[in-house]
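Asks: Assemble chain B with the ligand onto chain A, guided by the hints.
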Amino acid sequence: MNDTLMNSTTCVIDGFGPLPLVRPNSVADLGDLVRAAAASKSALYPVGGQTKTALGMPPTRPGRTIDLRGLAQVIDFPARDMTITVQAGITMQALRDILEKEKLRLPIDVPEADRATLGGVLATNTSGPRRYGYGTMRDYVIGISALNDEGNEFKAGGRVVKNVAGYDLCKLLVGSLGTLGIITQVTLKLRPLAEQQAVFGLGCESAQLETLLRCLHESRTRPVCLEVLNQAAARIAYTHANLAIPESPWTVLVGYEGNGDAVSWQVQQLVKEVGTDCSLEARVDFPAMPLCHALCEFAAAPHHAVTFKANLLPSEVAAFCVAADQGPLRPAVRAHAGSGIVYGNWSADLTKEQAGSILTTWRERARQGAVIVQRCPSDWKAGLNVWGPAPHDVALMHAIKAKFDPNRIFNPGRFVDGI
Amino acid sequence: MTVAADSLAERMRSIVGAGNVLSSPSDLLVYECDGFTIEKNKPDVVVFPNSTADIVAIVKACGELGVPFVPRGAGTSLAGGCLPVGGGVMIALTRMKRILEVNYRDRYAVIEPGVVNLWLTNHLKPQGFHFAPDPSSQGACTIGGNIATNSGGPHTLKYGVTVNHVLGVELVLPDGQVVRSGGPTEDNPGYDLTGVIVGSEGTFGVAAKAWVRITRNPEAYRTLLGVFETVDDATNTISDIIGAGIIPGALEMLDSLILEAVEAAFHFGFPLDAGAVLIMEVDGLDAGLDQDAERIVEIARKNKAREVRKANTEAERLLLWKSRKQAFGAVGRLAPSYCTQDGVVPRTKLPEVLRAIQRIGAKYNLRIANVFHAGDGNIHPILLFDERDAEQVKRVLAASNEILDECIRLGGSVTGEHGIGVEKIDFMPKLFAPEDLAMMMRLRSAFNPDDRCSPHKMLPTAGACIERSHAGRHAAM
Ligand SMILES: Cc1cc2nc3c(=O)[nH]c(=O)nc-3n(C[C@H](O)[C@H](O)[C@H](O)COP(=O)(O)OP(=O)(O)OC[C@H]3O[C@@H](n4cnc5c(N)ncnc54)[C@H](O)[C@@H]3O)c2cc1C
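Residue numbers (this note's numbering), protein chains in the order written: chain A, 3 to 421; chain B, 16 to 492.
Read the hints as simulated data drawn from the structure, not as lab findings. It is possible that some hints are incorrect.
[Stated by the list, open to error] List of simulated lysine to any residue pairs, SDA-like, C-alpha gap at most 25 Å:
(1) B:K340 x A:A81
(2) B:K173 x A:A81
(3) B:K340 x B:D298
(4) A:K103 x B:H138
(5) B:K75 x A:A397
(6) B:K173 x A:A397
(7) B:K337 x B:R348
Next comes chain A alone, as it looks inside the complex:
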C-alpha cells in the first residue's frame, strides 16, 4: 500500500467518528484495504461525495471510511452501442458531461450531481421525478464489478444490453447500501437525450387532488413525470427556479419528453383534458425548464432537517398527501405520484418526539408500503426505527448478508433490520 493511502485524514459518518478516511487510487489498493480490515476484524464504510451518508443507521463499529472518488476512470464508452463502462467513483455530473457530448444520458434524476458519485447513487438507489417514465437504477445497470469480503474483485452481467447468463448480482447490489461489497465498476445502458421537454403546472384544492391525479392517470398523454407539491414544497421548488410561487394549495407538475410533434400534441391535449374531461377548475401555467432542475434538486434542499419517505400504491397518494399536509408543523410534502412515493420534509424546528409521533401516524396510514426516515439528526436514530418493521423477506436478506460478508466488514449495522 502506498504512502498517500496511509496518510489519511478523518471523517464523521452519520454522527459516528471521527474515522480515518483513506482514498485508494486503484482497485488493487482497495483490495489491500479490504484484506487489512478482514485481518483486523474492523469495518469499512465506503463513501463517494457524502451526499447521502445520513441514510440508514449510524455506524457502530470502528473502522475506516473509504473515499472512492479516486476510482473515476472511463473504461470504455462505445457511444454507438449506447453503453458505458466507468469506475464507480465518477461524479454524476462528470458522467453527464461525457454522455452529453454524444447526445446520450442516464435518465436518473440525481440531486447534487457535482458531488454525488455513481457508486453512491447505486448503493442508495437514488431516483427522482422522471422515474415514472424511465424507471430506476436497476433498469440501467447491465454489468457490475465489486470487491468481496476477501478483497477480490468479482463481476456479474456484462457489456451488452440483453444478457441472461448467470445470476443478476447487479440487481442485488443496487440499493444494498454498500453492505455486500464495494462497487468498483459499472456498465450502464444509456438513452438518447430527449429532443424536447415540457413541464406543465396545474393547481388545485385538496378535495380535487385525487380527481386530478386520476384524470392524469387516464390521460391519452404519456407523462414522464407526475409530481405533487403542497404549498410549502412548491415554494421551495419555484423559488429555486426563480418563478412566481403558485397560490393554490396543491401544484401538480406534469412533464413530457420526446420529439417535437409528440410533446406539443401532449401539451395541447392535456389542456383539453383537464378543461373538459376532468371538469375541475385547474389553473394551468407553463413554468420554464429550470423547474425540472428545481424538482431534481428538491431532495437536497438545505432547509430539510428531517425527511420521511413512504412508498404506496399510486391510488393512495392523494389522500396520504392531504393528510400529511394537515399534520403538525406543516411539512413540505412532495410526491412522485405515478410511482407511489411520498416525501415529507420538516425544518429543524421539529422535535424528536414530534417526529416519532408523526412517523407512527404515517406508518399506520401506509397500508401496503413502508415508511422510512431518510434524514434526521444522527442522535435521534437510536429511538426512531428508521427502516421500520422488518420486511417479509428479511430472513433471506440476513442469509445473503451472511454469505457475502460473514465477518460484517461492509457498512455493518447501517441497513434494514441491522444488516
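Replies: The following block gives chain B with the ligand in isolation, referenced to the frame of chain A:
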C-alpha cells in the same frame, strides 16, 4: 438417502390427490425433456399443485425424503431448464393458472405462475393494457417460466425484459418456507430480492405467485420494411436510427435464407434477392410517429436501402409480424431439423458476427439462417441439418460452439434470453472468472443451501458431469 419411486408417488398422492400426480413410465415420457431435446431424463414423479400450500407440502416431503425437485411451467425452455437431472419430483405449475387480481389504477396484476403469457395480455386487452414481455412462444409459455428465465421478445428493445415488469414474487423456498419479496409498491426497503429471483432459472425455489406490471397499449404504430443489399447496410441503419435518438418498439432483421422460407410460407412479398431486410416499428402516441417514421426512411435511404415499404393497413402489419414470429416454424421448409442459437453482441458488432457465422457455416458445410432482435444485438442463427445423420449433428454442435465463442470474443454473451440451463453450463467459465462464479454460488446457497431445487443448472458444479446423462454441452434443436 434414496427412496423408491412408488413410495414417492404415494406420498405425493397423499398431498395433492391421485388426479394431480403422474408416475407411470408412459405418462412420464412427455416430461423427460423440454424444448431442449438433446438431453433426456425422466423424473420419478410429476406433481401438479393447486395452491401455495400444496407446493409447501411437496417440497417439505422432498426434503424429508432427500429427493431433488424441479419446477416446470409449459416446458418451452430451450436450455434444458426443466431437465430433472438425477430424477426426483417435477413440480408442474400448469394447474395454478388463475389471474388473481388486476388493478388498472395502480397498474399491476397478481397472477399464479401457470398463467400463460398471452392469456394475461388477452385478459387486459379490453382495457387497453398488456403484459409487455412478448417472447415468440407467448401463446404457450407461462409467466412463471418467463420470470424464471427473464424472457425477452421483439419489443424488449423499447419496453425491457421480464425483470423490468415484475414487482414482486411469492417464492416457496426449498425448505418449505414461503417468502414474499416486493409486492405492488415500488422501492420496498431492503435488498431487491425480486431482481435476483427473476432469471434464477428455477434454482432458488418455486414461484407460487407474482405481482407484475401491466402496460398501456401504444396508441398507434408505424411499421416499415427496409430492403438492403448487404447486412452491413442494414446494421448501419440500426445504429443510425438509435443514434438519432429514436427508440423503436422493435428492430428485427431477417437474412436472405430465412426470407426464402418465410416467403414460401406466408407470401408476404419479401424480395428474395436482398441481402437483408429490417422490420422497423415505432409505436406510442400517434402524434410523434410520422416524424420518427420519416427520419427512419431517410436514414435507411442514406444507408443505401434498395427500398423502404410501409405497412399501410393493420392487416399488412399483422402479416408482417406473423411472418416474423412464425419464422422458426417456416424453417421446417428448408431442412428436416434445425438448431436455434441465442447469442448477444454489442449492436455495432453485428456485421462482424454475421460474417463470422457465414464463415463458420462454410467451414462446417452447414446452411445457417438468421432472424433476430437486431436492435438489442441478440442474434438467433438457425443451423439447418438432418438429425438422423449423427455426423451432421456433430458438425452442428461444433459450429454452435464456435458461434458462441465468437460472441464472447466480440464482448457479448452466450445467451440473451433463453438461459444457461444445462445447455450452456460449459460456457459459464468462459464468461466468468472463478471469483464471479463463487459469488453467484454464495447467492444460490442463501436460497437453496443443499442444492435440492433444480440441481446442476446454471453454475458448473463438481460432480454434475457424472450424474448427467451426457457430459458437456449440447445445442437446442
Ligand atoms: C418456439 C419458441 C420460441 C421462443 N421464443 C422465445 C423468445 O422470443 N424469447 C424468450 O425469452 N424465450 C423464448 N423461448 C424460450 C421459452 O419459451 C422461454 O424461456 C419461456 O419463458 C419458458 O416458459 P415455460 O413456461 O415454458 O417454462 P419452462 O420451460 O417450463 O421452464 C423454464 C425454466 O423456468 C423454471 N420454472 C418454470 N416455472 C417456474 C416457477 N413457477 N418457479 C420457479 N421456476 C420455474 C424451470 O425450472 C426452468 O428452469 C422460445 C421457445 C420456443 C420453443
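Asks: Work down the list of hints and note, for each, if the structure agrees.
Replies: Going through the hints against the structure:
Simply put, B:K340 and A:A81 have alpha-carbon atoms about 30 Å apart, too far for the 25 Å limit, and the pair is violated. Restraint check for B:K173 and A:A81: the C-alpha separation of about 18 Å stays at or below 25 Å, so the hint holds. Using a Cα cut-off of 25 Å, the hinted pair B:K340 and B:D298 holds, with the two alpha carbons roughly 18 Å apart. Annotation: proposed proximity of A:K103 to B:H138 is violated, straight-line Cα distance about 45 Å (limit 25 Å).
With a C-alpha separation of about 19 Å, the suggested pair B:K75 and A:A397 falls inside the 25 Å cut-off, and the hint holds. Only pairs whose Cα atoms come within 25 Å are accepted, and B:K173 paired with A:A397 is rejected, the gap being roughly 36 Å. In summary, the hint linking B:K337 to B:R348 is supported, as the alpha carbons are separated by about 16 Å, within the 25 Å threshold.
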